[in-house]
Amino acid sequence: MVEQNKLIDIRSLSLAQLKDKLVEMGEQGFRAKQIYEWLWAKSCTDFDEMSNLSKPLRENLKAHFTIHAVKVRNAQISADKTIKNSFTLYDGNVIEGVLIPAPERMTACVSSQVGCSLTCKFCATGYMDRKRNLNADEIYDQVVLIAKQAEEHYQQPLTNIVYMGMGEPLLNYSGMMKSVERITSPDGLNMAAKRITVSTAGIAKMIKKLGDDEVRFNLALSLHAANDKKRNEIMPINEQNSLKALAEALKYFYAKTKNPVTFEYIVFHNFNDELEDAKELARFCKHVPCKVNIIEYNPISLADFVNAEADKIEQFATYLRSQGVVTNVRRSRGKDIDAACGQLAIKEKESETA
Numbered sequence: 324m325v326e327q328n329k330l331i332d333i334r335s336l337s338l339a340q341l342k343d344k345l346v347e348m349g350e351q352g353f354r355a356k357q358i359y360e361w362l363w364a365k366s367c368t369d370f371d372e373m374s375n376l377s378k379p380l381r382e383n384l385k386a387h388f389t390i391h392a393v394k395v396r397n398a399q400i401s402a403d404k405t406i407k408n409s410f411t412l413y414d415g416n417v418i419e420g421v422l423i424p425a426p427e428r429m430t431a432c433v434s435s436q437v438g439c440s441l442t443c444k445f446c447a448t449g450y451m452d453r454k455r456n457l458n459a460d461e462i463y464d465q466v467v468l469i470a471k472q473a474e475e476h477y478q479q480p481l482t483n484i485v486y487m488g489m490g491e492p493l494l495n496y497s498g499m500m501k502s503v504e505r506i507t508s509p510d511g512l513n514m515a516a517k518r519i520t521v522s523t524a525g526i527a528k529m530i531k532k533l534g535d536d537e538v539r540f541n542l543a544l545s546l547h548a549a550n551d552k553k554r555n556e557i558m559p560i561n562e563q564n565s566l567k568a569l570a571e572a573l574k575y576f577y578a579k580t581k582n583p584v585t586f587e588y589i590v591f592h593n594f595n596d597e598l599e600d601a602k603e604l605a606r607f608c609k610h611v612p613c614k615v616n617i618i619e620y621n622p623i624s625l626a627d628f629v630n631a632e633a634d635k636i637e638q639f640a641t642y643l644r645s646q647g648v649v650t651n652v653r654r655s656r657g658k659d660i661d662a663a664c665g666q667l668a669i670k671e672k673e674s675e676t677a
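To convert, count from 1 in the sequence shown and add 323; that's my numbering.
In short, the hints are calculated from the structure, not lab data.
Do not rely on the hints blindly, as some may be mistaken.
[Claimed, not checked] Subject to a maximum C-alpha distance of 20 Å in a straight line, what follows is the list of computed EDC-like cross-link-like pairs (lysine to aspartate or glutamate):
| no. | residue 1 | residue 2 |
| --- | --- | --- |
| 1 | Lys444 | Glu556 |
| 2 | Lys553 | Asp627 |
| 3 | Lys552 | Glu599 |
| 4 | Lys444 | Asp627 |
| 5 | Lys342 | Glu360 |
| 6 | Lys581 | Asp535 |
| 7 | Lys553 | Glu599 |
| 8 | Lys471 | Asp510 |
| 9 | Lys635 | Asp596 |
| 10 | Lys501 | Glu537 |
| 11 | Lys579 | Glu597 |
| 12 | Lys404 | Glu427 |
| 13 | Lys553 | Glu587 |
| 14 | Lys552 | Glu597 |
| 15 | Lys344 | Asp332 |
| 16 | Lys356 | Asp510 |
| 17 | Lys394 | Asp369 |
| 18 | Lys574 | Asp536 |
| 19 | Lys614 | Asp627 |
| 20 | Lys378 | Glu360 |
| 21 | Lys517 | Glu537 |
On a predicted model such as this, the values are computed, not experimentally measured, just so you know.
Modelling step: build the complete structure from the supplied sequences, incorporating the hints.
Set out below in structure tokens:
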């Protein structure tokens with residue numbers, strides 16, 4: 324029975340569920356496939372634009388369903404052409420997502436939660452409260468809107484997606500997985516799973532679940548320290564997910580998927596920038612086939628961390644390479660508009676608590 328006084332979020336339904344609902348409404352079940360194509364392959368967020376459906380059917384859809392479309396609230400363009408978006412959700416919450424253009428690729432960095440519950444000491448999002456998980460369609464919409472910007476501003480298609488925005492994707496496991504399914508599905512955006520990277524602060528049991536689900540996308544672990552004492556200091560999640568537990572989970576993940584892992588590592592000044600830190604990281608890298616991305620840190624007003632000196636970072640990377648670890652040093656993008664790694668936070672909220 325149709326819920327009274329409450330419209331159903333149509334994109335929360337599977338194709339089979341939508342077909343059943345249409346039949347309940349007195350419509351023909353085969354229309355579900357047409358509607359699904361509008362919703363996912365064509366990214367339509369307005370029933371009136373579904374032009375091959377009759378007007379009475381469109382009116383019937385509007386009487387029973389809603390589409391919780393994400394909208395661009397504000398877009399800022401950095402000097403390096405990075406575009407940071409604040410997005411408004413149907414319930415008034417705001418999240419952020421970023422388009423990162425590069426000569427070889429166009430990358431969408433998307434959020435998975437409103438805020439974050441993990442309180443990593445160096446990350447602006449970690450100083451916000453977690454309000455809720457994003458629905459799969461809200462993650463999907465970020466990709467669609469950022470892809471549109473790539474075409475409009477740079478005449479290039481979106482090539483990559485990273486779940487590295489606000490929130491911890493593995494604490495929104497079902498929403499994250501369903502969004503990947505819609506993004507990669509032939510009747511969705513039809514993007515290759517290998518073009519998607521999900522980044523986690525490290526939740527061992529959920530990394531194992533990724534292995535059980537034999538995911539085809541890439542996994543990145545935000546490591547930032549390869550001994551428990553230091554990692555506990557900056558990432559409280561490590562207290563319940565020790566490096567030993569993470570190593571076991573990563574081995575399990577690799578055994579199930581054969582996907583190499585990426586370790587993300589910020590080299591902080593006078594914290595984790597010594598040769599001994601590099602040695603610890605090199606040892607941790609022996610657990611699974613992997614590469615290391617050394618990420619430039621972007622200071623935030625709420626924390627005292629600063630990036631290590633350039634020569635220290637180079638020495639750190641050189642040592643890892645000498646141990647056979649594939650190592651990339653990533654330069655920050657979008658720093659001037661607070662769009663860089665670790666800087667995503669809703670400014671209005673930050674100023675209220677500052």
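Status of the hints after comparison with the structure:
no.	hint	in the structure
1	Lys444 / Glu556	holds, 8 Å
2	Lys553 / Asp627	holds, 15 Å
3	Lys552 / Glu599	holds, 14 Å
4	Lys444 / Asp627	holds, 9 Å
5	Lys342 / Glu360	holds, 13 Å
6	Lys581 / Asp535	holds, 12 Å
7	Lys553 / Glu599	holds, 12 Å
8	Lys471 / Asp510	holds, 18 Å
9	Lys635 / Asp596	holds, 7 Å
10	Lys501 / Glu537	holds, 14 Å
11	Lys579 / Glu597	violated, 34 Å
12	Lys404 / Glu427	holds, 14 Å
13	Lys553 / Glu587	holds, 15 Å
14	Lys552 / Glu597	holds, 15 Å
15	Lys344 / Asp332	holds, 12 Å
16	Lys356 / Asp510	holds, 10 Å
17	Lys394 / Asp369	holds, 13 Å
18	Lys574 / Asp536	holds, 15 Å
19	Lys614 / Asp627	violated, 28 Å
20	Lys378 / Glu360	holds, 18 Å
21	Lys517 / Glu537	holds, 13 Å
Going down the numbered hints, you'll see the structure goes against 11, 19, while the others check out.
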